[in-house]
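A.B. asks: Residue numbers (my numbering), protein chains in the order written: chain A, 1 to 443; chain B, 1 to 443; chain C, 1 to 443.
Hints may contain errors.
Which copy is meant is left open, because identical chains are indistinguishable; a pair holds if it fits in one copy or across any two.
Calculated pairs, DSS-like style, for lysine-lysine (alpha carbon to alpha carbon, straight line, at most 27 Å) [stated by the list, open to error]:
id	residue 1	residue 2
1	Lys133	Lys161
2	Lys371	Lys133
3	Lys371	Lys161
Quick caveat, the hints were computed from the structure, so don't treat them as lab data. For clarity, every value in this text was computed on a predicted model and none was experimentally measured.
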Amino acid sequence: MTGPEIEETAGAPQSGMMPLITRLYPICRSITGDGVRATLDILGGEIELERHEIPSGTDVFDWTIPPEWNIRDAYIADGSGRRLIDFHEHNLHVLNYSTPIDTVMSRRALAAHVHTLPQHPDRIPYRTSYYQKRWGFCLTHNQWQGIPDGDYRVCIDADLKAGALTLGEVLLPGESETEIVFSTHVCHPSMCNDNLSGIAVLTRLFQWLSRRPRRYSYRALYVPGTIGSLSWLWLNRDRLDSVLGGLVLTGLGDPGGLTYKRSQQEDSCIDRLAALALADGGEDWEQRGFSPFGYDERQYCAPGFDLAVGRLSRTPFGEYSEYHTSADHLDFVSETQLQGALRACQRFVEYLEADRYWVNLSPCGEPQLGKRGLYGALGGSGGPDEFRLAMLWMLNQADGSRPVSDVARRSGLSMELLAEAAETLAEAGLLAPADAPASERKQ
Amino acid sequence: MTGPEIEETAGAPQSGMMPLITRLYPICRSITGDGVRATLDILGGEIELERHEIPSGTDVFDWTIPPEWNIRDAYIADGSGRRLIDFHEHNLHVLNYSTPIDTVMSRRALAAHVHTLPQHPDRIPYRTSYYQKRWGFCLTHNQWQGIPDGDYRVCIDADLKAGALTLGEVLLPGESETEIVFSTHVCHPSMCNDNLSGIAVLTRLFQWLSRRPRRYSYRALYVPGTIGSLSWLWLNRDRLDSVLGGLVLTGLGDPGGLTYKRSQQEDSCIDRLAALALADGGEDWEQRGFSPFGYDERQYCAPGFDLAVGRLSRTPFGEYSEYHTSADHLDFVSETQLQGALRACQRFVEYLEADRYWVNLSPCGEPQLGKRGLYGALGGSGGPDEFRLAMLWMLNQADGSRPVSDVARRSGLSMELLAEAAETLAEAGLLAPADAPASERKQ
Amino acid sequence: MTGPEIEETAGAPQSGMMPLITRLYPICRSITGDGVRATLDILGGEIELERHEIPSGTDVFDWTIPPEWNIRDAYIADGSGRRLIDFHEHNLHVLNYSTPIDTVMSRRALAAHVHTLPQHPDRIPYRTSYYQKRWGFCLTHNQWQGIPDGDYRVCIDADLKAGALTLGEVLLPGESETEIVFSTHVCHPSMCNDNLSGIAVLTRLFQWLSRRPRRYSYRALYVPGTIGSLSWLWLNRDRLDSVLGGLVLTGLGDPGGLTYKRSQQEDSCIDRLAALALADGGEDWEQRGFSPFGYDERQYCAPGFDLAVGRLSRTPFGEYSEYHTSADHLDFVSETQLQGALRACQRFVEYLEADRYWVNLSPCGEPQLGKRGLYGALGGSGGPDEFRLAMLWMLNQADGSRPVSDVARRSGLSMELLAEAAETLAEAGLLAPADAPASERKQ
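Start from the sequences, fold in the hints, and give me the full structure.
C.D. replies: In structure tokens:
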């Protein structure tokens, strides 16, 4: 499943993402409960995680942390005790957050609690009922059609009790306390693209980030959807000023191209750099405007926060038929696609780090490059003429008001080449880093 | 002449616009005189009007109210006393504002005072000379060709005497003193599109407005062209700050599509909402940039006022051959076209009223719609999914800085649906109306 | 060589540009030395010039004025004393700024000091080494191929001694001290397009400018490339606030269309008017964005100055094969092309002068044009209807915030017609000139 270009070292934490996804796949996750904890246990083996437990009943802005849900067993059995539907065969068989039940009922009475997909008769749908007390089973349509009339034992051995909601986070401090947030949801049970792909890419991204110098601080959030991101926002409500923005990562392993959904701000540096990174990445990609419909970006972009958080995915949710069904299994995602998404995230981070403001220390005319040995200097990313042009652009534009990405856009030169030229000029004493203008700074 | 969809109740004031136009058609109007008063008399039977009389000689900015013109009779008669041309057959036969004359002259001498349209030999042209003392006759070219050489009695029984200029206005107060002005010119004699159509649509619009709740105040102006709008501006020069903007209505009954001419400001809320209303209206339409050539919008948009007043018409003046001729008669306009223009005005008003600024009272994340019974709520204008999306957009965008029209443009959802969503959210205590930002407010 | 439309009076200073170029062509110029002085001597016969001599060793921002270079003779001679290559046949034969040498060496040893153009074997390349001490010869590739192995006398009789760098400038004062700078480089030896064309057009432009009224002050700069413009900037560093902007003139005689390269500001009034002047000029033209690569515009546009200085040329340097070779000779440029460039510069100046800010003194509605005899007035550049429209546009837009070029862009009317309308209205007391807004003013 890993492409030939992917370095795979057995047992090494960075050894591809499919092995990690394969380990996480069987766990029955929900917005609360031991499934999330088991997931974070495994991730904790890959990267040092901090955990938060927020007790049931806690008021989180307009919401309340619900009772914790844990499930041990569930089945529909016939008169002989034979399990026709068994939670242990697929955890999607149970309506997520089902209340417990243990009774005998007719097929007809059971029908009101059964969800199928007639248009995809061999797929189990994924259904939830977090805030309305209900119970239910999700079956393939073929399974349901194969159950004759009669009475059946219907059992869901689950708890809904005071407990907690569990969050995982990783903070990688950088030179600045200004931070970039990457968020992914950990509440979905056995589906790979939604959202083990997001979990895997986020984990590998932060392993990579942990080994490189960082101008910004970076925060990974492993959160249950909606209530989880709201909980993190609530816990951190007094320090959100330090968040410059970030990305929600989800749906990154399917066969489609990359899709960037812009933040509510639409033209923040996050939005500009994410689009630039995808455009330069060589993969098919598209971008879409913000809408308040989707994943946790809708919480980060709510008017009370208005953080510059976009979303990176491949095929957007709801636009592929495997979405929210048992067909979103291990074969639906591939190492190649996951690696492509990881590289896009890495390029985005590299651009963020490179996108400094610089000021020319010798601004009256072009400084004499020749006497500094820079006239025919070579950058790693370009020939001498291109590198000289990059130096001239940086010298000309470095008035402290324009980040490197502006120079890239205007000059048509790459972020890499310009950043390299800036570093070279800084070493020669010709440029110095400048603070971002107040309008772009968070703290 | 009324289309099948138009409700026609004999004698009811709202019974279509053609009957009103038919009553107004025979009157000889000018920029002053009894024709305007007779017109306002008839309109006063439809809607309560206030009248102003501004005496001749009054200085109105750079202009002076001219002497009042009234005409009783005019003709060209042959030696036998037979009237070859008779004002009582068509009031366009006399150069509007002609000085009186009663003499006998040769056809050759008369020629200098005769206006015809050789390219449309059966149409009488419309000509005026308000500020230069002249007299003249307007004939069809065929009539003029049919008059043999010889001497003719030429008589114009008219006065140019100290009097007044007459304005009519209607004020419909709303919650706010900020007002929207609709202006139409009442100085043209027997022509239907220019401008009985504007007069009829304005009157029906204000009858409709008088029966609906109003956030803004609305003012209808029935004014002679140029000098009339200037007179109203002069009378109201100390309170123009309360005018948010408005529309000049003219030429609304011809067979062409609707044309919106933007105000000098080009991108005021008036301009944006007028364009949006026409775009949503389903009729053919176009918009044009401002130019200081046209009807009274050139006065409202003069730099000393710079009011956001655009112009709504069908085929712009001068772009149809019937313009300013006797061919602009009762058959040139139709109830269907007038009703379409009225509906466009009504939609513009509805959009103005709906285009509020809202502020989210629960801005930290999405509020929990489910616990308020709003998750599957239905709006009158859309299904549950679309209505939920409209609520999410309003919640996300309601930071007090964006009117509903901005949300409509960004979301692609309709003004109606978004306004309905906002009202629903306001009833649930989630949104509150906000003042327009200072840059958009007039008082 | 002069086209039939060019008025040619023998001996008159304005008699075409080719005669001037022909006189300047033989002189061996460099960034310092007597070649520049001889050039300024000839130009001083055309227009009154002021000269500056800046001593070698003077620090000019990041640069230092180099030793002065003067050359008397140079050749490569065979054993018999026959000159195979002779500086007196073409001054491009010597690497500009060569150190002196007089020795005998083998062809093989000489090869390291010889520059040719194998792809254009009959052209001598132009090469310089101002800041690295070197010597060298430039030959046609055919010449070099024709020199057999053997020993040769190699002689360059040149000085590099303390001296000065020479600048020429012309100031034509106007009503305002705000000045427009036209700059051209005078450091290139015998090449016509680069840059005798720039020198000739600049000289004729200022002769023309000296005879017309001037709202702005105009300054012509005849400067050696890079170090010369930097020297002028350094000498004037305390008064650069008075420079509104300007143009670098170079490469104006080749057969290509006109090319405007925008200043770093990209949308200054200089940039807008230069583009408008070229668009209205009727010649093929294009514009390009700024880049910090090129001629002296890169110095004027450095961040420490950021003057709105664009560049006017025909085919941009490096995009024609004759560039920087002996093929850039008298036949490569033509009077017709030079005259076209001169007309473009004149139109640009006319637009600059016309691009005033005006304020309407009767802003409350349209003033009554009829009572001032302006209703049917005729402008020189348009019929009565077009002239009236131009007056209406000027009256409407004249709020003191919009230059005439904005009105031209918005109305589609020409700068000439609008400027004429403004003057007519000013004579009638309806408009008055206004100061440019602070954001557009330099002092």
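A.B. asks: For each hint, tell me whether it holds in the structure or not.
C.D. replies: Hint-by-hint comparison with the structure:
1. Lys133 - Lys161: For Lys133 and Lys161, only the intra-copy Cα distance (13 Å) is at most 27 Å; the inter-copy one is 86 Å.
2. Lys371 - Lys133: For Lys371 and Lys133, the Cα distance is within 27 Å only across copies (12 Å; inside one copy 77 Å).
3. Lys371 - Lys161: Between copies only: 20 Å across, 75 Å inside.
Against the hints set out earlier in the document, no violation occurs for any number.
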